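Given next are the chains, with one letter for each unit.
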Amino acid sequence: MASQILPLELIDRCIGSRIWIITKSDREFTGTLTGFDDFVNMVLEDVTEFETTPEGVRKKTKLNQTLLNGNNICMLIPGSNGPDS
Amino acid sequence: MASQILPLELIDRCIGSRIWIITKSDREFTGTLTGFDDFVNMVLEDVTEFETTPEGVRKKTKLNQTLLNGNNICMLIPGSNGPDS
Amino acid sequence: MASQILPLELIDRCIGSRIWIITKSDREFTGTLTGFDDFVNMVLEDVTEFETTPEGVRKKTKLNQTLLNGNNICMLIPGSNGPDS
Amino acid sequence: MASQILPLELIDRCIGSRIWIITKSDREFTGTLTGFDDFVNMVLEDVTEFETTPEGVRKKTKLNQTLLNGNNICMLIPGSNGPDS
Amino acid sequence: MASQILPLELIDRCIGSRIWIITKSDREFTGTLTGFDDFVNMVLEDVTEFETTPEGVRKKTKLNQTLLNGNNICMLIPGSNGPDS
Amino acid sequence: MASQILPLELIDRCIGSRIWIITKSDREFTGTLTGFDDFVNMVLEDVTEFETTPEGVRKKTKLNQTLLNGNNICMLIPGSNGPDS
Amino acid sequence: MASQILPLELIDRCIGSRIWIITKSDREFTGTLTGFDDFVNMVLEDVTEFETTPEGVRKKTKLNQTLLNGNNICMLIPGSNGPDS
Numbered sequence: 001m002a003s004q005i006l007p008l009e010l011i012d013r014c015i016g017s018r019i020w021i022i023t024k025s026d027r028e029f030t031g032t033l034t035g036f037d038d039f040v041n042m043v044l045e046d047v048t049e050f051e052t053t054p055e056g057v058r059k060k061t062k063l064n065q066t067l068l069n070g071n072n073i074c075m076l077i078p079g080s081n082g083p084d085s
Numbered sequence: 001m002a003s004q005i006l007p008l009e010l011i012d013r014c015i016g017s018r019i020w021i022i023t024k025s026d027r028e029f030t031g032t033l034t035g036f037d038d039f040v041n042m043v044l045e046d047v048t049e050f051e052t053t054p055e056g057v058r059k060k061t062k063l064n065q066t067l068l069n070g071n072n073i074c075m076l077i078p079g080s081n082g083p084d085s
Numbered sequence: 001m002a003s004q005i006l007p008l009e010l011i012d013r014c015i016g017s018r019i020w021i022i023t024k025s026d027r028e029f030t031g032t033l034t035g036f037d038d039f040v041n042m043v044l045e046d047v048t049e050f051e052t053t054p055e056g057v058r059k060k061t062k063l064n065q066t067l068l069n070g071n072n073i074c075m076l077i078p079g080s081n082g083p084d085s
Numbered sequence: 001m002a003s004q005i006l007p008l009e010l011i012d013r014c015i016g017s018r019i020w021i022i023t024k025s026d027r028e029f030t031g032t033l034t035g036f037d038d039f040v041n042m043v044l045e046d047v048t049e050f051e052t053t054p055e056g057v058r059k060k061t062k063l064n065q066t067l068l069n070g071n072n073i074c075m076l077i078p079g080s081n082g083p084d085s
Numbered sequence: 001m002a003s004q005i006l007p008l009e010l011i012d013r014c015i016g017s018r019i020w021i022i023t024k025s026d027r028e029f030t031g032t033l034t035g036f037d038d039f040v041n042m043v044l045e046d047v048t049e050f051e052t053t054p055e056g057v058r059k060k061t062k063l064n065q066t067l068l069n070g071n072n073i074c075m076l077i078p079g080s081n082g083p084d085s
Numbered sequence: 001m002a003s004q005i006l007p008l009e010l011i012d013r014c015i016g017s018r019i020w021i022i023t024k025s026d027r028e029f030t031g032t033l034t035g036f037d038d039f040v041n042m043v044l045e046d047v048t049e050f051e052t053t054p055e056g057v058r059k060k061t062k063l064n065q066t067l068l069n070g071n072n073i074c075m076l077i078p079g080s081n082g083p084d085s
Numbered sequence: 001m002a003s004q005i006l007p008l009e010l011i012d013r014c015i016g017s018r019i020w021i022i023t024k025s026d027r028e029f030t031g032t033l034t035g036f037d038d039f040v041n042m043v044l045e046d047v048t049e050f051e052t053t054p055e056g057v058r059k060k061t062k063l064n065q066t067l068l069n070g071n072n073i074c075m076l077i078p079g080s081n082g083p084d085s
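Chains G, C, U, Z, W, L and P are the protein sequences, given in the same order. Following this note's numbering, the numbering of the first sequence begins with 1 at its first residue and continues without gaps. Following this note's numbering, the numbering of the second sequence begins with 1 at its first residue and continues without gaps. Following this note's numbering, the numbering of the third sequence begins with 1 at its first residue and continues without gaps. Following this note's numbering, the numbering of the fourth sequence begins with 1 at its first residue and continues without gaps. Following this note's numbering, the numbering of the fifth sequence begins with 1 at its first residue and continues without gaps. Following this note's numbering, the numbering of the sixth sequence begins with 1 at its first residue and continues without gaps. Following this note's numbering, the numbering of the seventh sequence begins with 1 at its first residue and continues without gaps.
Worth double-checking, as some hints may not be accurate.
[To be verified] List time: in silico DMTMM-like cross-link candidates among lysine to aspartate or glutamate, alpha-carbon distance up to 25 Å:
1. W/24 - Z/26
2. P/60 - P/84
3. W/24 - L/45
4. G/24 - G/55
5. C/24 - P/12
Derived by calculation from the structure, the hints in this document are not laboratory data. These figures come from a predicted structure and were not determined experimentally.
Make the full structure from the sequences, and use the hints.
Here it is, written out as structure tokens:
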């Protein structure tokens with residue numbers, strides 16, 4: 001049987017690295033992952049938030065340390081610097 | 001392995017400091033964090049609520065001690081004074 | 001470390017006092033808090049309900065003893081008499 | 001400390017009396033409460049359902065014994081005969 | 001204290017009888033109740049589904065044995081043959 | 001008391017037979033049921049998906065072995081070959 | 001009785017193979033499945049994301065290793081290379 005990687009293992013390996021997170025409300029974030037818990041709540045540092053305004057304008061906001069609610073996360077891409085990379 | 005900070009640890013360190021909270025219904029709050037529980041329900045003091053009215057007008061409301069329902073919180077930014085800072 | 005107040009403690013202290021409650025469906029209530037449980041279901045007396053009709057008209061309705069479903073509550077402000085105060 | 005009334009106690013006291021129930025989908029019901037459980041599923045008799053049609057017309061429907069799903073209930077007002085009272 | 005009837009008791013008594021079920025997505029069903037479980041998932045026989053199309057046309061569809069997901073049920077009326085009765 | 005059939009019993013009897021499944025997002029599927037679990041996640045073979053495009057066009061798609069998420073299922077009709085039968 | 005295949009067994013057999021995943025927000029993904037857990041959170045490699053923009057344009061995006069939140073998954077088709085295959 002092919003070897004498996006468990007979701008929480010994947011996130012654990014990403015500690016200290018960049019990660020791209022897409023939420024259910026279509027907000028996107030990139031940042032350095034500094035912590036998480038079993039509910040996949042995530043602590044990021046050196047964060048950029050990507051938003052598309054109702055008028056279709058792509059907006060980028062720099063944020064400091066940020067905690068994201070796990071139950072609002074749709075998908076995450078370890079090692080990626082987001083939609084511009 | 002890089003050291004980790006757990007989400008609830010991050011919030012715990014923020015007790016007594018300013019925090020910026022964004023909810024799933026796009027209401028935003030800044031305030032001084034005075035308490036929280038495992039469901040991330042949060043008690044704030046000296047609160048400002050930021051709302052955008054349907055007509056696009058940014059509205060700011062001062063509130064006293066306020067309790068926010070954790071399951072409605074999308075993200076939080078410790079140490080920040082919100083969208084104007 | 002700064003002292004903490006737990007969310008349910010905050011609500012407990014509010015028994016017998018006025019409280020302003022905002023729900024996820026944007027209905028707002030003020031009333032005297034006479035009881036609650038661990039799910040933050042709340043019993044109010046001498047209640048005023050604030051609603052904005054689709055036409056934008058602010059409507060106020062007086063209600064007797066009322067029980068609000070906790071999982072529909074977005075935020076609450078102890079000691080406040082609501083949007084008009 | 002002021003005396004408390006727990007939510008389920010309030011409902012229990014209402015057995016055999018009239019009650020007004022408002023759901024998350026804005027349907028409203030009045031009826032005589034004949035039973036309930038810990039999930040606040042509610043059994044009503046001699047029921048009137050109040051609905052507002054998309055055209056804004058207030059519609060009243062008489063129903064026999066009815067069971068309402070607790071997780072769809074937004075608020076309830078014991079002893080009340082609904083919006084017309 | 002007035003005698004109580006528990007929600008699951010009410011449903012249990014309805015086994016073998018007609019029942020009218022309204023779901024959260026506004027589909028309505030009548031049928032003979034032949035089984036249910038603690039999550040109020042319901043097995044119906046000799047079923048009629050009532051739907052209102054986007055154009056406002058009332059559509060009736062005959063179905064055989066049908067299983068309805070309990071968490072999608074809004075209310076049920078034991079002994080009733082639905083909106084036409 | 002009339003004899004009962006439990007929901008999971010009904011599904012179990014349907015293993016190896018055709019079944020019509022309607023989801024909460026109005027997608028419909030027919031297929032041969034080859035497995036399920038307690039969360040009513042369902043494994044189908046020889047599957048046809050029925051969709052109505054925003055323009056109102058009925059679209060049919062043939063799929064191989066498919067797993068449907070139970071919490072997205074609204075209703076199911078054992079032994080049926082779907083809306084065309 | 002016909003033999004059964006349990007949902008998690010089906011996914012387990014798919015480790016190392018291609019899989020097509022459709023989410024509740026209508027995003028679609030194909031990729032090689034490299035891991036999953038009991039909540040059906042899924043780790044994919046060599047991923048293509050299929051999106052339909054509000055203007056109806058089909059957009060394809062190549063992604064590296066990606067983790068999808070199980071509670072946002074609607075259906076999955078093991079062994080398939082997605083809507084183009």
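Now the hints, each set against the structure:
1. With a C-alpha separation of about 11 Å, the suggested pairing of residue 24 of chain W with residue 26 of chain Z holds against the 25 Å cut-off.
2. Of the pairs offered as hints, the one joining residue 60 of chain P and residue 84 of chain P holds, with about 11 Å between alpha carbons and a cut-off of 25 Å not exceeded.
3. This hinted pair does not check out: residue 24 of chain W and residue 45 of chain L have alpha carbons roughly 29 Å apart, beyond 25 Å.
4. Between residue 24 of chain G and residue 55 of chain G the CA atoms are separated by roughly 19 Å; this keeps the pair inside 25 Å, and the hint holds.
5. Between residue 24 of chain C and residue 12 of chain P, the direct Cα distance comes to roughly 34 Å. Violation of the 25 Å bound is thereby established for this hinted pair.
When held up to the earlier numbered hints, the structure conflicts with 3 and 5 and fits the remainder.
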